Amino acid sequence: MSQPSSDHSQDHTDVPSDPSLRVKALESLLVEKGLVDPDALDVLVDTYENRVGPRNGAQVVARAWVDPAYKQRLLDDGTEAMAEFGYSGGQGEKLTVVENTSSVHNVIVCTLCSCYPWPVLGLPPTWYKSAAFRSRTVIDPRGVLSELGLDLPKDIEVRVWDSNAASRYFVLPKRPDGTDSMSEADLATLVTRDAMIGVAKVASPSAGGVS
Amino acid sequence: MNGIHDMGGMQGLGEIGYKETAPGFDEPWEIRLFALVQAMRTGGLRPYIEGIPAADYLRMGYYERWYTALVKQIIESGTVTRAEVDSGRADPASTKATLALTPEVARDLLFRSTKTEQDVELTPRFHIGESVRGRNINPATHTRMPRYTRGKAGVVERDRGVFNLPDNEEASAEPKPQHVYLIRYAGRELWGEEVPPNDSVYIDMWEDYIEPA
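So the protein sequences, as listed, match chains A and B.
Just so we're aligned, residue 1 is where the first sequence starts under this note's numbering, counting upward by one.
Just so we're aligned, residue 1 is where the second sequence starts under this note's numbering, counting upward by one.
Heads up, a few of these hints could be off.
As the list claims (entries may be wrong) - Derived list of chain B stretches under chain A, where covered just means 3 residues or more per stretch with a C-beta under 8 Å from a C-beta of chain A:
{"#": "1", "segment": "1-7"}
{"#": "2", "segment": "41-48"}
{"#": "3", "segment": "93-106"}
{"#": "4", "segment": "123-137"}
{"#": "5", "segment": "199-205"}
In case anyone wonders, no lab produced these hints; they're calculated from the structure.
Note that the structure is predicted; figures quoted are calculated from it, not measured.
By construction, the Cβ of each residue, glycine as well, lies at the ideal position given by its N, Cα and C atoms.
Just need the whole structure built from these sequences, with the hints factored in.
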């Protein structure tokens with residue numbers, strides 16, 4: 001605890017003064033008590049640092065762009081279609097894929113917490129979990145998107161997905177113009193995490209999206 | 001609970017702090033803590049996170065909340081004592097616990113999906129296309145019904161299937177499986193006439209959260 005226990009409030013909480021030391025102390029305690037195996041921690045760290053992340057989602061998007069049958073499966077049942085790539089597991093149990101088109105723009109938020117499709121996007125960035133993004137995206141999506149650099153014309157329909165329950169959401173971005181001759185692998189390099197959250201579009205390569 | 005965490009629709013909560021290249025973790029201890037929470041398999045931390053007093057909640061970073069919630073939960077469950085957390089050392093008199101997660105299972109977690117949908121046949125109370133309204137309920141405990149949906153009318157878009165109501169999970173009550181519906185709320189219904197007419201908010205709602213409109 002960072003403060004001496006002179007706190008009379010029953011709502012006493014720990015605000016770690018030096019979080020890295022606190023977490024280290026907690027880890028060694030839990031290991032000493034036999035509750036946690038440090039090797040299991042290493043596996044988990046490796047998994048979430050190196051093995052899940054937006055590159056997974058980008059492969060899914062690129063496949064959907066080149067393979068209409070796959071795209072249909074993805075929109076019908078995101079969970080099953082992503083499992084074809086081997087992407088499943090925690091926070092991916094029920095994936096709903098929503099498609100951005102020339103007339104509809106989708107954006108994902110979790111107002112209550114931080115729900116996010118881990119297997120295909122990894123862990124959410126800090127700004128996705130910020131109070132400002134969580135609170136404002138439902139009431140003023142156009143303002144939020146504009147602040148993030150995406151101005152949407154009035155005639156585009158904006159759909160906000162508040163992932164509060166069993167389903168996690170994933171945006172299938174619109175394929176940019178000028179990419180007809182690109183291979184699936186090259187297309188995947190264009191797709192950004194932010195486009196799969198719906199706070200950005202996938203830039204066309206001529207616009208400097210790829211070298 | 002009408003807590004600070006239920007912030008959908010609030011304004012004035014500062015900057016988004018958007019960074020295009022932001023990683024999932026800002027500091028090495030955050031991913032270590034994330035892994036600790038996964039390895040402990042303690043179940044839902046959210047009620048503990050939501051129990052953090054509002055001023056502290058807003059001051060804390062995301063993973064500081066996790067730390068606070070995890071410590072509170074494992075002290076409450078009797079897994080560790082406050083003295084042990086403070087010292088970082090196990091009480092010599094305490095018994096060795098059973099490992100919650102082996103490295104083998106941890107490796108497997110990435111590829112294994114735990115199905116959260118329940119295989120229970122229940123007659124749905126609502127149907128696609130039906131108008132429903134968010135009920136006026138104010139539970140003081142964990143709920144997945146954001147307050148901005150209360151009293152608001154929307155339309156059932158999809159029947160998600162049957163899932164356990166998370167509201168009573170933590171109270172260790174009997175599981176309450178029920179249908180979850182995807183509801184479309186017109187932006188104008190939620191936020192007024194200034195919203196462009198076709199903009200909308202989609203949200204999944206358990207049966208207990210809604211009533212016929």
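Okay, the hints, checked on the actual structure:
no. : hint    : result
1   : 1-7     : holds (count 3)
2   : 41-48   : violated (count 1)
3   : 93-106  : holds (count 11)
4   : 123-137 : violated (count 0)
5   : 199-205 : holds (count 7)
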